[in-house]
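Using the sequences and the hints given, assemble the complete structure.
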Amino acid sequence: MMERSSNNNNNNVVELSRVAVSDTHGEDSPYFAGWKAYDENPYDESHNPSGVIQMGLAENQVSFDLLESYLEKKNPEGSMWGSKGAPGFRENALFQDYHGLKSFRQAMASFMQQIRGGKASFDPDRIVLTAGATAANELLTFILADPNDALLVPTPYYPGFDRDLRWRTGVRIVPIHCDSSNHFQITPEALEQAYQTARDSNIRVRGVLITNPSNPLGATVQKKVLENLLDFCVRKNIHLVSDEIYSGSVFHASEFTSVAEIVENIDDVSVKERVHIVYSLSKDLGLPGFRVGTIYSYNDNVVRTARRMSSFTLVSSQTQHMLASMLSDEEFTEKYIRINRERLRRRYETIVEGLKKAGIECLKGNAGLFCWMNLGFLLHTKTKEGELELWDVILKELKLNISPGSSCHCSEYGWFRVCFANMSEKTLDIALERIHEFMDRRRKF
Amino acid sequence: MTRTEPNRSPKSDSENSGNGGGGGTTAMRVIVPLQGVVQGRGGLFLGSVIPCAFFYFLQFYLKRNRKNEPDRNPDSEDSNSGSPDPTRSQSVGNLTELTSLPRSLSRILLSPRISGGAVSVSGRAGFVIKGGDSPYHVGQKRVEEDPYDESGNPDGVIELGSAQNVKFNLEDDWVSENPREVISDGLCMSGIASYEPSHGLMELKMAVAGFMSEATKNSVSFDPSQLVLTSGAASAIEILSFCLADSGNAFLVPTPCSPGYDRDVKWRTGVDLIHVPCRSADNFNISMLVLDRAFYQAKKRGVRIRGIIISNPWNPTGTLLSRENLYALLDFARERNIHIISNEIFAGAVHGEGGGGEFASMAEVVDTEENVDKERVHIIYDLSKDLSFPGLRTAAIYSFNDNVLSASRKLTKLSPVSSPTQHLLVSAISSPKFVQRFVKTNRERLMRIYTELVKGLKELGIECTRSNGGLFCWVDMRGLMSSYSEKGEIELWNKLLKIGKINVIPGSCCHCIEPGWFRVCFSNLSERDVSVVMNRIRKVCESCKSQH
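Protein chains in written order, with the numbering used here: chain U, 48 to 492; chain V, 4 to 551.
In case anyone wonders, no lab produced these hints; they're calculated from the structure. Check each hint, because a few of them may be wrong.
In silico DSS-like links for lysine-lysine, alpha-carbon gap of 25 Å or less [what the hints assert, rightly or not]:
hint, chain 1, residue 1, chain 2, residue 2
1, V, Lys144, U, Lys149
2, V, Lys458, V, Lys501
3, V, Lys133, U, Lys319
Fair warning: this is a prediction, and the values are worked out from it, not measured in the lab.
If you want it as structure tokens, here you go:
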């Protein structure tokens, strides 16, 4: 074991850990670099109409008004704490149990059930609260895998996973390669290949982590694929984590199958116990700042451990209380979910139509806050550099920040994720106009 | 490290090696495989592996017996049984040691197969699950099941274990004076719902910096840009542990120390804690000599020390570290090129200045010293504790090291403070008048309760160390134990819980090397409750005396 070895210089500068100096947090990737460009020159309808339009941030602002009007109607000044008023607030502010408010967990369970059209039921006692889905994914990784073990993750995937699953945990990601030949669905061959790749390097695989609906594809995972996945996990005796944070953003409820539905019909505990679901209110409810995430596990040990480890990432009791009454109001949530889906679908159709008119195709999507756009035909070379070159042009010339597929580890170059839910309709139109102009200019040359 | 067979345990090799039977047979068992060296490849393999495995286990055995003090109960969250079993604690202590060994060993020996589930969880999870039933949590559970209430449940269990400032009523005034802020700030959607920096709003940082300054009587001006906010002190300590040390490294911690460090520092980071015992003969003051010895012993064992964790006011004794202490610690850290984590989460609860010294934040010392290396100093602060709003989960890391700040900011994405809570807190603590009134009233109240408690204990013949800060006192109950041992301490703790119906923290949870000391939190008590507590303790004293 090394003793006081010095770094590059010998000035007795105190050193930091490997975790602190590594760049596994991934914040230097183009995914985040584009955000900087936006911060420096943000688009504003009136004050800065030629600024950068942020299309790289998957935020849901289309249904804000529903939340605002609900809260104003139901909770005028003082009544949020009911007849208790100030003492009620105080009692809440003292609550520090890592189990979380029972009322809030019940509300979350009921909300998750509603999103799945009642096709799966959720037990509030299996819900563990964390400060966001980011924390939930990291926590599960700590629990399911040891350092140097691997999780299999289908590509393309959310760039944040590089940080959430790997940074502090020391766990690796081994990609399951998916491509456009079958709409990026996970094939049994790709699964086996990924598993074998890991084994060939003597890496122990502990689980598969999928996002359903997928980020960045904006599409749900087919039921058959889910069943294959579960089967695969049983055969290899590994875990299955399903990150379903966009489940409330599927345009047509019937097109979404949650892994919970599949597990619902299974009695074999040894199968159920390997399934874990991550959820958050950030995307469906458009409340990212609230930092509310959950782990739902069918495995008692995982629930117990997650609960204890959630001490590091607790949700404030005030936030829990605020949301508990809203989420348990089934009339409101039913209306919200329905209208939110409708609005997202319309936005999606607008952008896909608009892109089509400009000669650009997208992957057929049915969920989420973004579309997966194919600009492969515009690349000078079908390489990562070619893709980043194009991304840079789009950022600098069109002043649009979109996310290049390579930052999502996509094995095919030329795909880009374009977010459409974090802006007004007018802004979306302007963005589409810029794209049209760009494509027109290119056609002329 | 590559392994071809994940579950292969070297135990099977050790069984082959000569570690049983009489001398002759033992010798044969060693010699025969070694003969294989001459006789072919298989023998060569066995002849090399067996002595290696034997040597490896010899080292392991020696390392276990070489430790200065036996590892006490690691802190764990839930408890399943009613009484802590001393023998079980020993085995759990061993478990602690196992996981502090190099990663590869822990993976092999812990063999994470949990019964009842075919699919396994990680070694880290396995450790958390098997974590023993520490008194810390057994007691908490009893309180939950049968909580004391002056009118509603006067015979219930009184919580004197957890260090929370929950009887303080000033916020009631603030809350009833300003219901709009309290309630509606959380409801304002726009500006709150969107992503904000995970490490805290600048407004809140400014308010926290102001609050910290007030707590240190304005001797330091804290720079908000050097603050990183996170969801609780546990997270703050863990983030610093991740930033300052690698897995397999260690921090020095003078004991008795906070029961929470076992979880916060060790659970997920792979960083170990090396306890440096302080003794009652020295009034539990830190001896630089002992610290030095611990550092060099660790170095000899090949363990790299990355820092030292101190708390000021000290948890559990309530002592304030003097400026001399702080300078000495800074020198120590500089000479060995390590970090200092100064846990100042009870800075707002300093109540006994004058007679027992003055509170000086590490930030102040660093400010005034000329040649000091600011980069190695990191301070932890807990707003929730001082404000008596534990449910709101807001703590802070204050550092002079830009790299640490940069890494910490990124890490808070995994443990951010909720927006509505941040906005609420901004309203609560931005008013300088409120902050001043709050800090002053809080201190006066703590002083009153502390004085009552100490007086009452003295009448029962029980002494405490002088406590000038924090929400607790460090009580000497050695005279009540049936035997001067860990077992005696746990027995007494049990009596206090079952007969006295008070939940206190036994010194073993704080890794105190001397049995018989207990941490008693008084911040949960009203002045009337103190006499109730005294009666309960008197009952236990009588029960102990009748048994001796």
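Taking the hints in turn, this is what the structure says about them:
no., hint, in the structure
1, Lys144/V / Lys149/U, "holds, 17 Å"
2, Lys458/V / Lys501/V, "holds, 24 Å"
3, Lys133/V / Lys319/U, "holds, 22 Å"
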